[in-house]
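If you're matching them up, the sequences are chains A and B in order. According to this note's numbering, the first sequence is numbered sequentially starting from 1. According to this note's numbering, the second sequence is numbered sequentially starting from 1.
To be clear, the hints were calculated from the coordinates, so they are not data collected in a lab. Since the model is a prediction, treat every value here as computed from it, not as a measurement. Mixed in with the good hints, there may be bad ones.
Some chain A residues close to chain B (C-beta under 7 angstroms, calculated; not the full set) [to be verified]: (1) ASP43; (2) ASN44; (3) PRO46; (4) HIS108; (5) THR123; (6) VAL174; (7) GLY353; (8) ILE356; (9) VAL359.
Just the calculated beta-carbon pair ranges, DEER-fashion [said to hold, decoys possible]: (10) A/VAL352 - B/PRO267: 36 to 42 angstroms; (11) B/SER69 - A/TYR32: 21 to 27 angstroms; (12) A/SER201 - B/LEU100: 45 to 51 angstroms; (13) B/ASN96 - A/TYR32: 43 to 49 angstroms; (14) B/PRO131 - A/PHE346: 39 to 45 angstroms; (15) B/ASP217 - A/GLY291: 49 to 55 angstroms; (16) B/GLN180 - A/LEU103: 35 to 41 angstroms.
Cβ coordinates follow ideal geometry from the N, Cα and C atoms, glycine included.
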Amino acid sequence: MNDNQKSFWTPGNVLTAFILAGGLVLTFLRFYKGIGAVTNLDDNNPWGLWIGFDLMCGVALAAGGYVTSASCYLFGLKHYHSAVRPAITTAFLGYFFVVVALLYDLGHPWRLPYPLVLSQGTTSLLFEVGLCVATYVSVLFIEWSPAALEWLGFRKIRNFVIKLTLPLTILGVVLSTMHQSSLGALFVIAPGKLHPLWYSSFLPVFFFISSMVAGSSMVIFEGTLAHKGLHHKMDETHLKEAEGVAFGMAKAASFILMGYFFIKLFDITMDDDWQYLATGYGAWFLVEIFGFVLLPSFLYALGVRERNMKIVRIASVFGVLGIVINRFNVSMIAFNWQLPAAERYFPNWMEVGISIFIVTVIITTYRFIATKMPVLYEHPEYKDAH
Amino acid sequence: MHRRKFLSLLGGAGLASAMGATKAKAGGGTHTFKGYPDAMGVLHDSTRCIGCRKCEQACNEVNNLPKPSAAFDDLTVLDTKRRTDAKTYTVVNKYNTAGLEHPVFRKQQCNHCQEPACASACFVKAFTKNPDGSVTYNGDLCVGCRYCMVACPFSVPAFEYDDPLDPLVQKCTMCHPRIQEGKLPGCVEICPKEALTFGKREDLLAIARERIRKYPDRYEKHIYGETEAGGTSWLYLSPVPHAELGMPVVGKTSAPELTSGALGAVPMVVGIWPVLLAGAYGISKRKEKIAAEERAEAVKDAVNATKAEADGALKAAMEKADKEKAAAVDREVKKAVAEAEKAFEEKLAAAQAPADEADAGETPEEEA
Chain A
1 MNDNQKSFWT
11 PGNVLTAFIL
21 AGGLVLTFLR
31 FYKGIGAVTN
41 LDDNNPWGLW
51 IGFDLMCGVA
61 LAAGGYVTSA
71 SCYLFGLKHY
81 HSAVRPAITT
91 AFLGYFFVVV
101 ALLYDLGHPW
111 RLPYPLVLSQ
121 GTTSLLFEVG
131 LCVATYVSVL
141 FIEWSPAALE
151 WLGFRKIRNF
161 VIKLTLPLTI
171 LGVVLSTMHQ
181 SSLGALFVIA
191 PGKLHPLWYS
201 SFLPVFFFIS
211 SMVAGSSMVI
221 FEGTLAHKGL
231 HHKMDETHLK
241 EAEGVAFGMA
251 KAASFILMGY
261 FFIKLFDITM
271 DDDWQYLATG
281 YGAWFLVEIF
291 GFVLLPSFLY
301 ALGVRERNMK
311 IVRIASVFGV
321 LGIVINRFNV
331 SMIAFNWQLP
341 AAERYFPNWM
351 EVGISIFIVT
361 VIITTYRFIA
371 TKMPVLYEHP
381 EYKDAH
Chain B
1 MHRRKFLSLL
11 GGAGLASAMG
21 ATKAKAGGGT
31 HTFKGYPDAM
41 GVLHDSTRCI
51 GCRKCEQACN
61 EVNNLPKPSA
71 AFDDLTVLDT
81 KRRTDAKTYT
91 VVNKYNTAGL
101 EHPVFRKQQC
111 NHCQEPACAS
121 ACFVKAFTKN
131 PDGSVTYNGD
141 LCVGCRYCMV
151 ACPFSVPAFE
161 YDDPLDPLVQ
171 KCTMCHPRIQ
181 EGKLPGCVEI
191 CPKEALTFGK
201 REDLLAIARE
211 RIRKYPDRYE
221 KHIYGETEAG
231 GTSWLYLSPV
241 PHAELGMPVV
251 GKTSAPELTS
261 GALGAVPMVV
271 GIWPVLLAGA
281 YGISKRKEKI
291 AAEERAEAVK
301 DAVNATKAEA
311 DGALKAAMEK
321 ADKEKAAAVD
331 REVKKAVAEA
341 EKAFEEKLAA
351 AQAPADEADA
361 GETPEEEA
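Bound-form chain A, shown alone (with noise of 0.2 angstroms):
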């Protein structure tokens, strides 16, 4: 760093600090002041934008990690490996700052552990979100350990790590499954509150469904990101094998789009919903269901046939999108859809400060762990074991 002390206040780095310094702030309000303080939250409207974006949306954009590893390690699709380290690593930081976004959310944060050492609420889903969360975040550290061993040169126990893989691959699937469910399941306790046209005793499936193609869709658009900032640190493997893994994982999200959308389908036609259709919600229903999921649909498959990465890559921002607008339709948009314009719930702009403060250090961490370890290239003296 010392080197080129001169290159290090890019404009980039400049607009990541002021950020970081801003999150700063409102971290110190948050917690000297209360939730009260910086949220728009009240007693009709107990979750926002922290709920819906950096949990809902975070564990879902992180979903990556357990797709990638499982194609590569399960499915055997081999070619996906040079994936699977980018994925792991960004799973693991979107899973471990979840968590500490949820620390910001929590009116007793430094409780966290109680569902799991003090009081176990079984009952609960949200019980089973945190044990899996909790689980799975320990495994994708786990699972992305031999990056930073191999940094480190722990040679004996990044080999003993290596030969986990195909146990944690398994274990994460079945986290990944639990939690990724639980997230719509949580709100199958509030009939009353969801709009039917996204209230369904499917939201489960619906959240895991979708979770694939949030997973799919991110690992292609975090590959566009990459290339852009870390091309120089690829290795000959990983730039070779990149547009294979991104029109395998878009011609995957093709199908699974066309299948989540069918089964909404199914859903509106079982709980006969059909009419909620001609009202402002159906309309914002529909440019869900067209625009963020036939659409990505549509242009992933036509990617894939014309073996154009431009389309491809469009299609994975829209899929990216349409995990986001389902998960804020679920949590905060169709929640709570009865009550009066004045009773609803907004963002306060220190509720989305906080969030792009946890966006940024996301990032910030990423690229630190992808500029100092073995993440886009494979180490040279662990070519071996792989």
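Knowing the structure of chain A, use the given hints to seat chain B on it.
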């Protein structure tokens, strides 16, 4: 089916509740908890309520809550719609409904569900459904996640958002401590119009039904709370449809019933997913192995074919060489014979003498 205690349902693991559901099905019943037999409740009769806010005052006093900015005898407060909050466990709202010349009042507080959504949703078991019917909360366990507030179909629990250190969820306790002392809940005790009746839930239901039967013109034929959210300890009679008093339309399904399917899926996922995934791994490994074997087989075949071809070619070449060798020998022999004959004839011609016929002239030739 044997009646299960609600607490054991709450305390059971996801596995246990899933198995409970299965057993219930096998028994032909449902696993719905019908409530503690001696559970108490309160009946609010809107036709008797005059909106005096005395109950609000009593609640404030017995719970030692901070004094509100507007005094309790200030009835202009009723003109704006209010809800319960962390410092107000009960509120009375005024509704002007079509068809009635006088306003109707609705009292709001925790309904103390038979199967509370808050208790079902709480991941640290901070809520307890007590045998006296009340639902109480233990702030020492609370993590402050506010899922209870999301889960509550009546939007009752409130949170102390402005407390940075010990923000807790607050709601009506049905005066659980007072009931334990043999006293009435504060609001019931003070009500000057007997709009509030405290008693066993079963008895209250009978009273409510009797009032509807006696005065069918005065009441809407529905006891709100009898089946809402699986039944609540608080019950409501109203002269107009309850929805007109801002009471949420809540289905009959209780919270544990709503979530039992999702919870029941957990052990299934834990049980079968590793098998399927390991199977997928096994299949992909097996495919790789078969592919490798086939590749090896193909290579072997190719090698064999090449070898056979080479052998054939070699053999042919050898045969050809043998033939050529034989032919060459033959040729050389013939050549030698021819040469020998020629030499003999030349010798013979040169000699041309009366040589002995019996001389062994051919013998050296033969040997050559």
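Here's how the hints hold up against the structure:
Checking A/ASP43 against chain B: minimum C-beta separation of about 4 angstroms stays under 7 angstroms; hint holds. A hinted interface residue such as A/ASN44 counts as satisfied when its beta carbon comes closer than 7 angstroms to some beta carbon of chain B; here the least separation is about 6 angstroms, so the hint holds. Interface restraint check: A/PRO46 against chain B, minimum CB-CB distance 4 angstroms, threshold 7 angstroms, status holds. A least Cβ separation of about 5 angstroms between A/HIS108 and chain B falls short of the 7 angstroms threshold, and the interface hint therefore holds.
Of the supplied interface hints, the one on A/THR123 holds, with its beta-carbon coming within about 5 angstroms of a beta-carbon of chain B, less than 7 angstroms. Interface hint at A/VAL174: satisfied, since its Cβ lies 5 angstroms from the closest Cβ of chain B, which is below the 7 angstroms cut-off. Restraint check, A/GLY353 versus chain B: the minimum CB separation of about 18 angstroms is more than 7 angstroms; hint violated. With a cut of 7 angstroms, the hint placing A/ILE356 at the interface with chain B is violated, because the nearest CB-to-CB distance is about 22 angstroms.
Below 7 angstroms, beta-carbon pairs count as interface contacts, and A/VAL359 has none with chain B, the closest being about 22 angstroms; its hint is therefore violated. A/VAL352 and B/PRO267 have their C-beta atoms about 40 angstroms apart, which keeps the hinted 36 to 42 angstroms range intact. With their beta carbons about 26 angstroms apart, B/SER69 and A/TYR32 fall inside the hinted range of 21 to 27 angstroms. For A/SER201 and B/LEU100, the Cβ-Cβ distance of about 39 angstroms falls outside the hinted range of 45 to 51 angstroms, so the restraint is violated.
The given range of 43 to 49 angstroms is respected by B/ASN96 and A/TYR32, whose C-beta atoms sit roughly 45 angstroms from each other. Taken as a hint, the range 39 to 45 angstroms holds for the pair B/PRO131 and A/PHE346, whose Cβ atoms sit roughly 43 angstroms apart. Against the hinted window of 49 to 55 angstroms, the Cβ-Cβ separation of B/ASP217 and A/GLY291 comes to about 53 angstroms, which satisfies the hint. The beta-carbon spacing between B/GLN180 and A/LEU103, approximately 37 angstroms, falls within the hinted interval of 35 to 41 angstroms.
In this structure, the earlier hints numbered 7, 8, 9, 12 are contradicted, and the remaining ones agree with it.
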